[in-house]
Amino acid sequence: DGGITQSPKYLFRKEGQNVTLSCEQNLNHDAMYWYRQDPGQGLRLIYYSQIVNDFQKGDIAEGYSVSREKKESFPLTVTSAQKNPTAFYLCASSITASNQPQHFGDGTRLSIL
Amino acid sequence: GDSVTQMEGPVTLSEEAFLTINCTYTATGYPSLFWYVQYPGEGLQLLLKATKADDKGSNKGFEATYRKETTSFHLEKGSVQVSDSAVYFCALSLGETGYALNFGKGTSLLVTP
Chain A
210 DGGITQSPKY LFRKEGQNVT LSCEQNLNHD AMYWYRQDPG QGLRLIYYSQ IVNDFQKGDI
270 AEGYSVSREK KESFPLTVTS AQKNPTAFYL CASSITASNQ PQHFGDGTRL SIL
Chain B
-19 GDSVTQMEGP VTLSEEAFLT INCTYTATGY PSLFWYVQYP GEGLQLLLKA TKADDKGSNK
41 GFEATYRKET TSFHLEKGSV QVSDSAVYFC ALSLGETGYA LNFGKGTSLL VTP
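Protein chains in written order, with the numbering used here: chain A, 210 to 322; chain B, -19 to 93.
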């Protein structure tokens, strides 16, 4: 079955540590996205990528970094510069950026030790 | 800027009751509109969509009509079930000129037996 796989499901970060969240899709989609979800809030866009080797900042990119070296993979690194990283992180993809809807993974919950 | 406003929850209904979750939007262009559903601990699933004025999206007994005159996309279901308990998100995309979804804050629905 085609879909989006996020791993791990739960992740813990120590102070001052960088962590990387994995997102893989086998839908052959060009566009991929990372969102952050906080309790009682909607989803906020962190980064998006319309095509391999290209990505743009979303609304809350500070303290995060991404890469898009392969079409199927869009990993998100939460750096130590992100002072409030505890949240639920969702990865999504769409056929193209202008061809919605987006398909979502099951998310990674990041907590601080 | 473009935005989506949803009614605040939580909404609590008895099984077989009628459901309405209000959603209004602000957009400079002609957005596509979506409803997503999120079950506990999971990612978002597309519930239905509408791409132009007067379109009606429908799925699993849920319906929403794209009303340009009132800039609304209210979600309705005639008879809810316990299994419909989830968080519902309204979202918009501007297609050719947009690159991601703008989400509302979500409305939590609890259906009791």
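Derived by calculation from the structure, the hints in this document are not laboratory data. Heads up, the beta-carbon is just placed ideally off N, CA and C, and yes, glycines get one too. Warning: the hint list may mix true and false statements.
As the list claims (entries may be wrong) - Pair by pair, the computed Cβ-Cβ distance ranges are:
#	chain 1	residue 1	chain 2	residue 2	range
1	A	GLU271	B	LEU(-7)	49 to 57 Å
2	A	PHE221	B	LYS48	45 to 53 Å
3	B	ASP34	A	GLN226	48 to 56 Å
4	A	LEU322	B	LYS36	43 to 51 Å
5	B	ASP34	A	THR286	40 to 48 Å
6	A	GLY249	B	LEU(-7)	18 to 26 Å
7	B	SER59	A	ASN235	33 to 41 Å
8	A	THR229	B	GLU43	25 to 33 Å
9	A	GLN265	B	ASN2	28 to 36 Å
10	B	ASN2	A	THR286	18 to 26 Å
11	A	ILE260	B	THR0	36 to 44 Å
12	A	GLN265	B	ASP35	25 to 33 Å
> Taking the beta carbons of PHE221/A and LYS48/B, is their distance inside 45 to 53 Å?
Replying inline: The hinted range 45 to 53 Å holds for PHE221/A and LYS48/B, with Cβ atoms some 47 Å apart.
> Does the Cβ-Cβ separation between LEU322/A and LYS36/B fall within 43 to 51 Å?
Replying inline: Given about 49 Å between the Cβ atoms, the range holds.
> Given a hinted range of 18 to 26 Å, is it respected by the beta-carbon distance of GLY249/A and LEU(-7)/B?
Replying inline: holds (20 Å)
>> Can you tell me whether the CB distance of THR229/A to GLU43/B sits inside 25 to 33 Å?
In response: violated (41 Å)
>> Quick check: does the Cβ-Cβ distance between ASP34/B and GLN226/A fall within 48 to 56 Å?
In response: For ASP34/B and GLN226/A the Cβ distance comes to about 52 Å; the hint holds.
>> Taking 40 to 48 Å as the stated bounds, is the beta-carbon spacing between ASP34/B and THR286/A within them?
In response: Given range 40 to 48 Å: holds, Cβ gap about 44 Å.
> Do ASN2/B and THR286/A keep their Cβ atoms within the hinted range of 18 to 26 Å?
Replying inline: Since ASN2/B and THR286/A have Cβ atoms about 38 Å apart, the given range 18 to 26 Å is violated.
>> Please check whether GLU271/A and LEU(-7)/B have a Cβ separation lying inside 49 to 57 Å.
In response: violated (40 Å)
> Are GLN265/A and ASP35/B spaced within 25 to 33 Å by their CB atoms?
Replying inline: holds (29 Å)
> Do the beta carbons of SER59/B and ASN235/A sit within 33 to 41 Å of each other?
Replying inline: holds (37 Å)
> So the hint says 28 to 36 Å: do the beta-carbon atoms of GLN265/A and ASN2/B match that?
Replying inline: Roughly 32 Å apart at Cβ, these two residues keep to the hinted range, so it holds.
>> Against the range 36 to 44 Å, how does the distance between the Cβ atoms of ILE260/A and THR0/B compare: consistent or not?
In response: Cβ of ILE260/A to Cβ of THR0/B: about 40 Å, so the range 36 to 44 Å holds.
Against the hints set out earlier in the document, violations occur for numbers 1, 8 and 10.
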